[in-house]
Amino acid sequence: MSSYSDDPRRFPGHEEVLRYLQEFARRFDLHGLIRLQTEVVSVRRDDASAGWKVSYRLSRKLAGAGGEEVEVVEDEVFDAVVVCNGHSDEPRLADIAGIDGWPGKQMHSRNYRVPDPFHGQVVVIVGYAPSGLDISRDIVGVAKEVHVAHRSPVTSETQSTAHANLWLHPMIERVEEDGSVVFQDGSRVKADAILYCSGYKYNFPFLGDDVGILVDDNRVHPLYKHVFPPHLAPHISFIGLSLKALQFPVFQLQSNWVARVLSGRVELPSQEKMMEDMSAFYSELEARGCPKRYTHDLGECTYEYEDWVADQCGLERIERWRKEMFVAALKNFADRPESYRNEWDDDHLLLEAHRDFTKYY
Numbered sequence: 001m002s003s004y005s006d007d008p009r010r011f012p013g014h015e016e017v018l019r020y021l022q023e024f025a026r027r028f029d030l031h032g033l034i035r036l037q038t039e040v041v042s043v044r045r046d047d048a049s050a051g052w053k054v055s056y057r058l059s060r061k062l063a064g065a066g067g068e069e070v071e072v073v074e075d076e077v078f079d080a081v082v083v084c085n086g087h088s089d090e091p092r093l094a095d096i097a098g099i100d101g102w103p104g105k106q107m108h109s110r111n112y113r114v115p116d117p118f119h120g121q122v123v124v125i126v127g128y129a130p131s132g133l134d135i136s137r138d139i140v141g142v143a144k145e146v147h148v149a150h151r152s153p154v155t156s157e158t159q160s161t162a163h164a165n166l167w168l169h170p171m172i173e174r175v176e177e178d179g180s181v182v183f184q185d186g187s188r189v190k191a192d193a194i195l196y197c198s199g200y201k202y203n204f205p206f207l208g209d210d211v212g213i214l215v216d217d218n219r220v221h222p223l224y225k226h227v228f229p230p231h232l233a234p235h236i237s238f239i240g241l242s243l244k245a246l247q248f249p250v251f252q253l254q255s256n257w258v259a260r261v262l263s264g265r266v267e268l269p270s271q272e273k274m275m276e277d278m279s280a281f282y283s284e285l286e287a288r289g290c291p292k293r294y295t296h297d298l299g300e301c302t303y304e305y306e307d308w309v310a311d312q313c314g315l316e317r318i319e320r321w322r323k324e325m326f327v328a329a330l331k332n333f334a335d336r337p338e339s340y341r342n343e344w345d346d347d348h349l350l351l352e353a354h355r356d357f358t359k360y361y
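Numbering of the sequence shown is given in my numbering, commencing with residue 1 and proceeding in unit increments.
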């Protein structure tokens, strides 16, 4: 469902996703175009060439018999830069009153691997999106109690019908030095650990101030259609900022759009028009009461956005079955939080996907 266009799979494990990406790179001979083990230190405008000076850190072997490796920083100038560093690396933590004096263990889902460290403990999980749901179900078999705090729709403490030691709560009001966690409905528990499943921050530490890209409450701006900064387009662009979307298909469409713009096959609107479009989009979000942190959450606009980008590139729109499967998966997630990965009611879409998949072989 969320694969590139030549693979209809859904809900594979993370190890299988890694193998898929590695095989994708081998199949299309991408390794020769990628420098691994190379950290981008800075990206800044180069006035002399009207390009971009990129500084990166890597290891080099010293000449001589010893062949000792040393870290070096090197510079190169490029005509354009495409930022694709993802948004699942810099943890975003909930702002909780009293947390500095709270004595328990704290962890972000980024660092979670196995449930064993929580054996026999009372654990509070902050957030109930997919990672919060999955980790709570993983921990519930070993923990003494699991308490999940999330924004909606819970307004008071509710015990899970599927697990006797799992409770749902509204968000945390404060924590106290005796280990107590107090929720917004006044209920409280003494906890051993708080596990944050509260998402991530967009982070571009390598971009210089001269680039003029800001992150304000997780809104990356100014960006036209989540991709191009109007004042620098098309020579710097961003791919993969979207949330709650068919991610790999979106990445693929955005990549095609950027490639076509850079090659001159597709023309962007004027800077003024892009700024007007962006301002109208931000005003629409504000009118709907949508917080800035959800700017890149495509949500119900996912298909409209994907179709728009495909049309810009002159590409086929994302397949109907893929869109319908995404909607069905979201509904299934809401209806069957315990078993949505293994139970579904849309086998006809899976059959359609496999029929469509055969065109690549």
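No lab work stands behind these hints: they were computed from the structure.
A portion of the hints provided could be inaccurate.
As a list, the in silico DSS-like pairs of lysine-lysine whose alpha-carbon atoms are at most 30 Å apart [said to hold, decoys possible]:
(1) Lys201 - Lys190
(2) Lys190 - Lys244
(3) Lys190 - Lys53
(4) Lys244 - Lys61
(5) Lys292 - Lys273
(6) Lys244 - Lys225
(7) Lys201 - Lys323
(8) Lys331 - Lys201
We went through each hint and held it up to the structure:
| no. | hint | in the structure |
| --- | --- | --- |
| 1 | Lys201 - Lys190 | holds (29 Å) |
| 2 | Lys190 - Lys244 | violated (34 Å) |
| 3 | Lys190 - Lys53 | violated (53 Å) |
| 4 | Lys244 - Lys61 | violated (43 Å) |
| 5 | Lys292 - Lys273 | holds (22 Å) |
| 6 | Lys244 - Lys225 | holds (16 Å) |
| 7 | Lys201 - Lys323 | holds (27 Å) |
| 8 | Lys331 - Lys201 | holds (27 Å) |
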